[in-house]
Each structure stands twice: as structure tokens, then as C-alpha cells.
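As given, the protein sequences belong to chains A and B, one line each in that order.
The first sequence begins at 4 in my numbering and counts up one residue at a time.
The second sequence begins at 7 in my numbering and counts up one residue at a time.
Simulated from the structure, these hints should not be mistaken for laboratory data.
For lysine-lysine, the following PhoX-like pairs were computed, each having C-alpha atoms within a straight-line distance of at most 20 Å:
#1 A:Lys372 x B:Lys750
#2 B:Lys625 x B:Lys298
#3 B:Lys741 x A:Lys372
#4 A:Lys31 x B:Lys741
#5 B:Lys204 x B:Lys724
#6 A:Lys310 x B:Lys750
To spell it out: a stretch of chain B is covered by chain A in this simulated footprint if at least three of its residues, at any positions, have a beta carbon under 8 Å from a beta carbon of chain A; those stretches are:
#7 171 to 185
#8 205 to 217
#9 724 to 736
#10 739 to 748
#11 754 to 764
Source: prediction; values computed, not measured.
Glycine residues also receive a C-beta, built at the ideal position from the N, C-alpha and C atoms.
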Amino acid sequence: MARIRFLHVADLHLDSPFKGISTIPKNKWKEIRESTFQAFQNMINYAIESKPDFVLIVGDIYDGENRSLRAQHLFQKGMEALHIENIPVYVCHGNHDHLSGNWARFQLPPNVHVFGEKVETKTLLISEEKVHITGFSYKERHILEPMHNHYPIAEHDEIYIGMLHGSVEGNNEHDVYAPFKKSDLLEKGYQYWALGHIHKRQIIHPDPPIVYPGNIQSRHRNESGIKGFYEVSLFNTQAELQFIPSAAFIYDELSIDCVGIIHANELMTHIENELSSYSEIHGKAILELTLNSITDETIELLQSTNKDDWHVLIQESLEQANNFLIVKELYINFPIEKSPESTMLLSSLMEWNTSEWKLALKELYQHSKGSRYLQPIDQGFMDEVLKEAESLVLEVIARGSNN
Amino acid sequence: MKLVKLQIYGFGKHENIEINLNNGINVFYGENEVGKTTIQQFILHILFGFPQRNAQLLRYEPKSSATYGGKIEIIDDQERFITIERVKGKASGEVTVYFPDGSRGGEKELSSILHSYSRTDFEAIFSFSLLQLQGFEKMTEEELTRTLLSSGTTGIDTLAIVENKFIKEMGELFKPTGRKPLINQKIEELRQLETAYKHQLEEVEKYEPSIKRLNELETFIQKLDLQEKDTSKQLQQYLEWEQLKPLKEKETIVHQELDLVKHQTFPPDGIRRFELIKDKSNRNQIEIEQLKKELDSLTIHTTSLTSRQLEGLQSYLNREAEWHQLHSKRIQIEEEQSKILQNQMQQLALVGVDWEKSLQHIVQADVSIQQEDKLVTTLQTEKNLELELQQEERLLQMKEQDLLHLQQRVIESKKVNKSSSTQQGNKVMFGIIAAIVLVGVIIGFTQSNWIVALTAIIISGIVYVGFTFMMNTLKQSNDVQTYADLLKKEQQSQQQSISRLKQNINELESKKTYISQQVNEFLTSYHISEQLSPSLLPELFKRLRMIQEQQIQLDQMETKLYEVRQRIQELYKQAQEKVSFDLSEDMLFHELREFYLEEKKKSEDLQYKETRISELQKKHKELLLLQQSFTEQIHLLYGEANVDMESDYYTANSINEKKVELERELHHIHLQLGGKQINLNDFEHLFEDECKAKLLQLQQQRHIYNDEKASLSYQTKKLLEDEEQSEQLQLLEQKKAELHELVKKWAAQKVVVESIKQMMRQLKEERLPEVLENAQYYFQLLTNNAYEQLILSPEGSFETVKATGQRFKIAELSQATKEQAYISLRLALAVSLQGKAPFPIIMDDPFVHFDRVRLQQVVQLMAELQKEHQLLYFTCHHNMQYVWEDASVIQVGTLLPRKVGIVK
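Using the sequences plus the hints, can you model the full thing?
Here's what the structure looks like:
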């Protein structure tokens, strides 16, 4: 068999906004906005340089409601750039950019092969080797049928690659679409399964590889860490996967230990150093900064000022440093004297089920005008609220005990 | 848990005190200022920590130098003996928890032993003091309820504070119908943003229709293009038509003319072919006639011999050779004959016979070899006999001689000795011979006279022979004696033989004479003279034989001759037959030959003529056929032209030529027309103007479209590059995030509030009835059933129901009853917590206001309670020491260092 090399990219979510950040300095807005485009461009540039045999894009190229013209235009440009290099691109649409939408259709260059709503297999020849790529596009937003049933079984001696935008069994983080089990895919006997839909990169099965490359740029504080895509080499049923980071910036959490810091300038310098060393390693990032290991002296210092003020101070210093580093959130891990009250409260709160939550919050959620902007009450939300509750309660108690 | 032992290092006024405690009631009796409260505080301090320096509570640090602190031994809920020691250390003291397994712990472990109860929690439930009881009064019903109820849940006060604060803050964040609260504001902002965004989207919405319109325009323009092309094409067609019109008209005319002559068919190249054929035909005809003439001229005049005859003649002529042969043979034979005859005559002559007479006899004579042989043998025999005779005679002579010799020899033999000299004499002889030879040879050489040499040699030879002979004879004399004997014998034998010999001789002689006679007889038979010598006989025979032979030959020749003559005759006859005239024999063949040649020639001539004739005839036939074919061809041509006659044919030709010309003209016109079919009526004259007007219109339309297209292109391009949409979106998201932060805060507060409320409710619904029941029971007990019920009204306030059925709110009760109610409630609460927090109940003289009866009641109650609960009762009333039977009483006043003071 010949060696084939290709890029496996998914969940571009072009022009999607970054959700969950509010405290961004204005001058960084544009970069954040453009981050998906930048990540996409990074991927295209990489493809032009490394000249793979073909590129697979497995769904969610756009963000659904926001199939902006600009996104489509830039995507088309990217495809044309690949067309000049004679790199074929195989695209299937996922739940966010499904085929039943009402958006302006852009003409893509002939190197781009888009899968239709029915499962089909496209074949290409690479150094006399037949490569069959099977996939389908979401015809509507909700595809609940296990689409893998329609995928053909591989014939030996020819390379079969499957593209599937859907949820592996057991993953409920994202909507459960086109579900499948690992064993279902293994049954087909393909040499590689290019998956999409789950934004967290994971390799479900090593050999043959069944891979979620994750999205190429994080769009939410929950999508932390390095984002990118995979470059895959298939040779004689052996697969080599190389992860290529492509994000314009990453979202991450950073803990800084503040041991023995008494004075404010000490603190700021220490934080700045930590942050700059971080940015040297990881490049641009949006961080949730946590100050840890706070000893007594530092407590005094930190408590002297409002947490928000500290936050602003840190941001300002970062701007002077001119990296793209944004501290989105500042947590100060005071050694907590957990009051029994808060423990009690929290323990009882933790036993609440979803309906109890809904009941408690219904005042707000039933608000006609505002309810649509609200986040749904899911586990993540509840955890967040609990955390907030604890800190608030403690704050009150602490302040109460001090009074 | 139960307290087992108290060990005070230094606390208040106590130093190094140990106090042992029982499970049930422990009464601490002491007068005022002995340190009862101190001990109470000690327990609380050790368990819950020394209070902060600036706190309201006293620390009770010893004024003396004693160590501040102490330890308490307890049995915890798991029946473990644990020691809790607290000494001075940090603000709340340094606490160490000693476990039975040797391990130690600190605040954390202590806290868990104490079920996370804080001092206030504990005091709120398990510590009964007058102050507290009186404090109850001051509370509102709700506070009271809450205090009572939620004392089980720790720190309800804090929670209350929390709740209040949160409610307040929530109000600042969100009100369902408000506008000022932050969340409300945020929502409003979001709405506005969203509307703006939608506007944006609407703009974007235009993109696709714009694209569609662009495509539409494109198609329109294309259509226009087509139309334009069409129209201009039509225009062009018209112009072409105009050009072609005259041609077309001409075409029609030509067509018409052509129709007239269309029918005419004519063989291609007809005239030429016709004339060619005609010409050929004529020539052919001439040839035929010529042939005819020639044919007629050839006649056969003479006859001649048939070929057979000629052949025979020729074969005969071949025998000329034979003829000549025969002739020559004849001559030859005749010559030979004469020759042999001559020969014969010679022989005869030799033989000496007269041939004329004796020829016959000779011929007939037997001259066979036998005879000759016989004769010869006879002669030979005769001769032999003679020789023999001679021999014998000679022999005889010899023998006689021999005899003589022998006799001689005998005599001589005696003379031996002289033999040796002879040897010398030999040598001399040899010498002489040699000399002779030498001389002879030299002479011979010098004189070249061989004869001399030879003679010399011969002489020497003779000499030698003679000498040897002599020697031999001499030699013979050597062997004399034996030799003599022998000789004698020989003598005898010799004599015998001599006599025999003589006999033989006689015989021989007789024979000889006989034979001679025979010979003579023989000779006469041959007519030969008797004088013939026998030696001539063979010769004679030979001759005779020869003669006979010759004769035979002659005869043979004769017959041969005859044969040849016969043959010649035959041939001549044959020749004669063949010819009509006479032939001479000499010139036979010559004449015959001439004749033959003549005849042959004639025959050949004849043959030639004949072949010529047949040739000519054949040719004639051919030509006739050819002529026929020519005629046929001409007929065919006529047929093709549909005529019968030559003149018609020519006419047809001319018509056809016209036709061809017309066709050519038509073809030419067609070429000019370029294969374009047009009708004469295709277009009207105004067509041109119409077309041009239309074209103009189309172009104008196209301009309009193009303009629109350009502007739409610009707009769509702008849309593509427009960033505002995504900016708006980002902003929207940002706002949402901000909202989320607020919502989070609000939600947190809300859920806490709700949780607190829930807990309250829970307590109300679950805990409260339980507690109330108990409280009611106690109250009944305490009031000696004066009151039957202690309930919580639906409004949330406590009510008592007297046995009489009257209801009294707690506020309406008397002081003591109030206290009783409180105590009941508190006790009920403390008891109800037995499961969760089995602490000892500490009472600090709470029953001072009770009368005797009621006091008795309470004592009774406590006596009951102490079965399950450890009670610590601090009092300064003397008789309280004795109210409980099995209580352990501690005399606080008499506590001495390291002394266990249990006084019964």
C-alpha cells in the first residue's frame, strides 16, 4: 500500500462568538472575534505548506444561526487556496451547519467535495491507491438515527476512511446526534475514522484510529486547553497521528501560588512574571487566574481591596505588557474557614434535583423578556452557582463575624 | 458523647482539679463564687476553644502562674475514650485530642467529635440558663420558632443574616417587573442589541436574494445577448437574401428550360463513342472484304503425294545407306573370294597337288588334329624309338666303357699319394687360368678385341673343367678300397644292365619298322608322294588344313554373295514400286531422292495454303462477329438515346448538350446561392429597418441590466467583507456573559435563600411536630397537667391549651409557666437531637422560679431524662444535692488540687 497523508479537521464554527466572557478589554475584542478565522487560516496555511493528499472537514464549519457571509466568504477563499495547490477537500455538514438551513449558498471550487444527506462513498486515487471516503451531511438539525448503519463495510486491500459527525455512546456533553458505539465503527473495518461534533479532542480507539480532533479554536470557557487538528499518516494499516495546534488563542486556567507576598507590588510582579512565562509557552490565551496558597500575610493584603479591583489592576498591567493575555476571571483562594452553616447549606443544596432548581429560579426564568438570554439550568450551571453561593455565603459570614 | 472526667490545669480559680462525672445527673453544688460557672465555662472552653481576646466572653485565664487550660476525658458515640486537652497556644488555645489507639488529633478531629457544633450552637440547645430562658421572652414568635426549631441546624442565626442580606441583594439584582435592578437593565440592553443584530441579519438576508438577482440578471443579459445575436443574424440573413434574390429568379427560369429537355437521355460521351464505333465498323468491313478476296485467290492446283506416301518414301530413302552398304559388301566379298581362291591355289601348289583333280580329295581328307597327332606321334614314336635305340646303344657303349673305366680305376686307385700333389697342381692350374684370364682381358681392353678376351676365358674354362675332372677322378682314387669293392659291385650290375639294354634295343628296332610302314600308308592316302620326310608332315598337314579352311571360306563367301545380291534385288524392286518411272540401279537412290524432294515440296506448299485458308476463314468469322458487335453497340447507343437512326442520334446529342449546359448553369447558380434555400417571399422590404430598431432596443436594455448588476455586485462584496455583523454578535455574546455573571450571583443567593426556607419548612413540617409533641409532654408534666397542649398555631406562634380548653399564647402566660414552656421546648429539642448530637445537657440553676410542686415535676422529669442523657446541673441551692437519688454530687467549694471530690 502507499503512504497517504491527510488532515483531519472538525468543528470550525467559523465566526462564532466567544461565549462566556464579559470582561475583555475593548482593544482585544477584534482579535477574539477573529480567532476562528485566524485558526482556520492557520490550518489552511499548514495545509499549503505540508501538502497533504487531501483534507477532511467533519462538520460544523459554521455556527448555525451565524452562517455569516464573511465566514462563508473566507471559507471559500480558503478552499480556493487549497484548490490552487491541488489538494482535494472532503466536507460534510453537521448539526450546526445542516443542509436545511436558509443561507446564501456559496460556490465552492471543484476540489471541494461535499457529502449529501444520504451516506455516500467518494473514491480518489492516490499514487495508484484507491481511497474510499464515506460520509454524510446533516439534512436537518436533529439527526437521531444511528447513521453508521448505512456505511459500507471495507473491502480489504483498499483504504477506507469514515467521516462521521456524531456522538459516541456515553458522551452527553453535546447533543446526542447520529449516535454510535465504538464497536459499531470497528465492525466496518475502516483504516481511520474521522469524527466530529465533540469539541474536546480525544482518541477513542488507537488502532484503527477513531478520533475526535476537537474544534480548532475554543469558543467557550469550558473548552480549555490547546486546540487544533490532526495530521494523519496511513501506511500499511499503521497510522501515525500528529496533533497540530491551530488556535489563535487558548482558554485556560492558571493557578499562581502566592506564598509569602506581603506587598502589592510584589504580588503584581509575581503575577506578571507567571503570566508572561505562560504566554511564552502557550501563546495567546484567555485565562482564569486563581491565586492559591495564600498565607496569612497575603490574606490581609488581598482582602484589603475588592477582588474586582485586583482584577482590573492585573488586566491593566497585562495590557502594558502587550501580550495577548486576558485574565477573564480572578479567583482568590482564601483559606476558607468553612463555616458549618455554609457546609450545611451546600450539602443540602447539592441534594437538590433539577426540578427543585428550576422551581427556585423560576422567578427569573419565567421572566418573559429575559428568559431567552439565560443559560439553561444544567449541571454546569448548577455547579457554577453553587460555587458562587459558597463564596458569597462565606463572604457574608466572614464579614459578619468581623463586624 | 458523655463526659467522664474533667481535669483542670488552671482555669479561673481552679488549679489542678480533677472531677469525675457520671452518666446520669451530675450535680455541681457550691455557694456563690466557688467557681461553678467557672467549671461550666471550663467545659465549654476546652471543648469549643478559648474565646478570642477581644471577644465578649471571658477567658478565665488563671491569675496565678498555673498553666492555663486543662483536659476532658469523654466517651464518644463510638464508645471510645478520648481525651481532649487544650492549653494556651494560639488565640483559641492549643488543643490535642488523644485517641485510645495512641493517635492524636487537633481542631479538626475535635470538631468532628463535636458534630461540627460551635459554641453558640451548643449553648443554644444544651445549655440551660436563666438568662437564656429569659432571653426567650424578648424574641418574636418567629424568632422564637426559628430559634427553637432551627437550633438543631447549626448557626441558624448566621443563616438568618445570610438570608436577609441575600434577599436584599437579590432585590438589587432582579425584580420581575422592575427596571432598575441590574439584571433587568442587562436584559433590556440585550434586547436592544439583539434588535440591532437582527437588523444586521436582515441586511445579510439581502445577500442571497442579491446573489439570486445577480444570477437572474446574468441570465437576462444572456438572453438579451441571444436575442441580439438572433436579430443580427436575421438581419444578415435578409441582406444575404437580397443579394441572392436575382440568382434565385434566374434559377427558376433555368429550371423551366431544363424541364423541357430533362427527359433526354444520352449516353455519356455518346457521339464520340458512336463515331468511334462507326469508324471501327467501317474499317472492319473493309478488312472483311479484303479477306474475302484473298481467300478466293487461294486455290489448290496440284495434287501431290499423300503425306503417307511421302513418309514411306522418306523412310525408304533412309535405306540408301543400306543399299550402298550392300553394294560395297558385294564387292568386298567378291574380292575376298578371289583372294582366297588365289591363296588356295598357292597352297595347293605348295602341297604339290594338282588342284583340279585332287581338290575334292583334299577337301574331304581327314586332316583332323587327331590324325595329325596320330601321325606325329607315330613319327615321334619312330623318332623316339630311334633315339632310344641310339641311347641304349650309347648306353651300352658307355656301360662297357664304364666297365673298362672301373677296371681301370681299380688299378689306379692304388695310386693315392699323388693326389696331393695334384692339389698343388690345382693351385698352379688356378694360377695359370688367372693369368690367362688377365692377359686376355687386358688385351681385350687395350685392343678392344673381345673375342680374344672371350677366347681366353673359354680356354681358361676348359682348362678348369679339365683339371677338376681330373681331380675328381683322382679323388675317386682316394676311396680306393671301399671304392674297389663298390666298383666291383657296380661292375656286376653294369653287366646286367648291359644285357637288358640289348634286349631293349631289339624291341625298339622292331617297333620302328612297324611305324615307318604306317607312315607310308598314311601318306598315300593323301595323295602325297612318298618322298615326303616325316618332318615335313606337320607342315603338310598344316597346309592341308589350310586348304580345307580356305575352301570352307570360299563356300561361305559364295553364300554370302548370293544373299547380298538377293537383297539388292529386293530393294530395287521396292524402289520401283514407289515411283512411276523407271529407275536405274546406279542412280537409284539419287533419282529417288530427287523425286522425294519434289514431292515433299509440293506437299508443303499444299499444306501452307490450306492453313492460310483456314486462318483467313477464321479471321473472317471473327471480323464478322466483331462487325456484329459493333452494330449491336451502335444499337445500344441508339437505345440509350432513344432513337433508331443515326440522324436522330445526332439530334438527341444536341438536345442533351443543351440539357447539360442548362444543368451546369443551374449548378453554377446553386453554387452562387451557396446551398442556401430561400424563398422569394421570405422577407419584406421593411424588414431591415425593423431589425435595426430592435437591436437598438436590446442594447439599451442590456445597459440597464449591467448597471444594476454592477451595483449589486458592489453591495454583495461589501456584505462579504462586512465585519459589523460579527462584531455585533460578539458584543451580544459579551452582554450575555455579563448577564450570566449577574444571574449567577442572583441565582446563588436565591437558591441559598430558598434552601434556608426549605430547611425551615422541613423543620416545621418534620422536626417541629416531633419536638412539639415532646415539648407538650414535658409541659404537661411540668405543669402537672394544668396545661394539656403546647402547639404551634398556623400563624406560626406558640399556643398553650389549658385543660379547660382555653388557649393562651406564650406571652400571655405567667413568668414561670413561660419558663416552663421554654424549658419544655428546649428540653424537647435537646432530647430530639439525641440521635444527631448526644451532648450532655448543662443546666445552670434554671429552676429558681419554680414552686415546690413544679420543681418536683421538673426534678421528676430530669430523673427520667438522665436515663438517656448526661445532665450537668449547677446549683447553689443546698437541697438540690439531694433531690436525685443516684446523682453524683460535686462539691465545688471543696475541690482540692488533685483531689477527687465526690461527696455524697
